[in-house]
Amino acid sequence: MSHISLRNLTIGYGNQQVLRDITVDIPDGQITAVIGPSGCGKTTLLKSMNRLIDLYEQAKVEGEIIIDGVNIYGPKTDILSLRKKVGFLSQKPYPLPMSIYDNIRFGPKIHGMNGEQIQRRIEALEKQISLDDPSLKSARHTIRLKKDRRMALLVEYYLRLAGLWNEVRERLDGPASQLSIGQQQRLALARALAIEPEVILADEPTSALDPISAQLIERQFKVLREDYTIVVVTHILRQARRIADYVIFLYLGELVEHGPAEQFFASPRDERTRAYISGEIS
Amino acid sequence: MKLRKLEETFFKGLMIASVSTILALLIGIVLVIALRGASSLNLSMLIQTPKGGYYLGRGGGIANAIVGSLYLSLGAALLSFLFGLPIAFALQKEYTGRHLSNITRLALDILWGTPSIVYGAFGFIVMVYFGLTASLLGGMIALTLLMLPIMTRSIDEVIRMIPLELKETSYSLGSTRFETTLKVIFRQALPGITTGILLAFGRGIGDAASVLFTAGYTDHIPRSLTDPAASLPLAVFFQVATPIPEVQQRAYASALILLVIVLFVSILSRLLSRRFSRHIVR
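Chains as they are written, first to last, in numbering that gives the first Met the number 0: chain C, 0 to 281; chain A, 0 to 281.
Please keep in mind that the hints were generated in silico from the structure rather than gathered at the bench.
Honestly, I wouldn't trust all of these hints.
[Claimed, not checked] Okay, derived cross-link-like pairs now, DSS-like style, lysine-lysine, Cα gap no bigger than 25 angstroms in a straight line: (1) C:91 / C:221; (2) A:92 / C:91; (3) A:1 / A:11; (4) C:221 / C:75; (5) A:182 / C:108; (6) A:182 / C:59; (7) C:126 / C:59; (8) C:91 / C:75; (9) A:1 / C:91; (10) C:84 / A:11; (11) C:108 / C:126; (12) A:92 / A:182.
[Unchecked claim] Covered stretches of chain C, as calculated for chain A (at least 3 residues, CB under 8 angstroms): (13) 45-58; (14) 184-191; (15) 218-231.
Note that beta-carbon positions come from the ideal geometry of N, C-alpha and C, so glycine has one too.
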């Protein structure tokens, strides 16, 4: 499992500083919630961790982000394998312009997964997904006869892992863009899982969703926390209370406080944290 | 309050008036051409070459011009696509800096607005310089000059409209710039690309001035790229310009054929574009 630490991280766009001198360790195998009001740099923080921030011409990053002992802003970093290791879920899900099946297959295909690797992955996933699920046996037979049976099975398992399988099993070849937005977000989760990341970054993953889909996503996160390091940005305090093991509180680009969720919510040390939790400031 | 309602009604009326004017004009053009051309339109018009040079023989057909025009514009559309698509991709900010791409766009816009006779004259000068005579290839190249800016800029605009988040999604899965361009951006832009190609094609097939000197004229169907080639717009031009009433009437029949081809291409483009829209993310 991956370990992430931020060291004196300062990020700005042009002349405007968005994050100032952030130093924090993100615990492995837990859900870390990054909370704070809108525009305080939460998304920027997230996008710096898989270098998606490189897409913004004006962005300037100082300091270090160390993942598994390597500074990802160092000269030797291979961005493609970094992004493979650090999966990302955006606020509004964007299906790729292809079928549901091809959306999941996209990652394994571009990373050139061969049959043997797929087989190994399938076996690992079979342990991860509860085999007691009564639909599992029948589902294995209902899967469309694809040319590549192994890939088809892999796609099925990732869709199961994201809790979407039962809703899409009959229309795997249909356009992903026709799914509801809640389903699209779970598709995005399945697609991100399919590149075998060790870390999952999620940027307000439920803010565009209806309450039921949001609940489904939260539930999936709780299941996934055993195998992944998860960082969730949210501005919904109650969500952070529900799912977080560890909390990072940003306010106006500054790291105000961080700590285990229980302690963070029960006895905040900083005055601003206390005011934010009690709803005096937003 | 009453004044505001009046204002609303007035502008609504203005819009309806403009739409009806344009529609009436379109229907008028089609009707006049159809009525005047229909009487001389027959099968031999479509499948025979003219009897007597420059269509003056009053007999035969304009198969030389139909086939010539199709060769010319299909060839030019293919050439334009081969250059235009890479140019359109290269203009995006992932590949080219803002200044260079803006200058290129400006240049293309100027070329778009350049009268086609200029391309014809330019093509002619180049051909004379190299000692070439009017030919199918010469016409294709002149038409390509005309079509390239139209195709490139319309594809460019379509690609620019693609939301950054879709690209982010692709990059966050660890895909390279090339994979993102080819597998995601291209597919998302495909309906727009189709429209761009056919827009340029429609413009090219109807253009007389650029092929006047470059493709030349022949009574025969061209058999090789070095043969001269007749074209529909010039067939209309030559026939209308004669003092012989029967030949003039045949000009309208030729115009009708041209109109039908353009109409067919527009409908085809809509159908294709709808077909390619299946997986598009909105």
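**Message:** For a quick check of understanding: which of the numbered hints are violated here, in increasing order?
**Reply:** Going through the list in order, the structure violates hints 4, 6, 7, 8, 9, 10 and 15 and respects the others.
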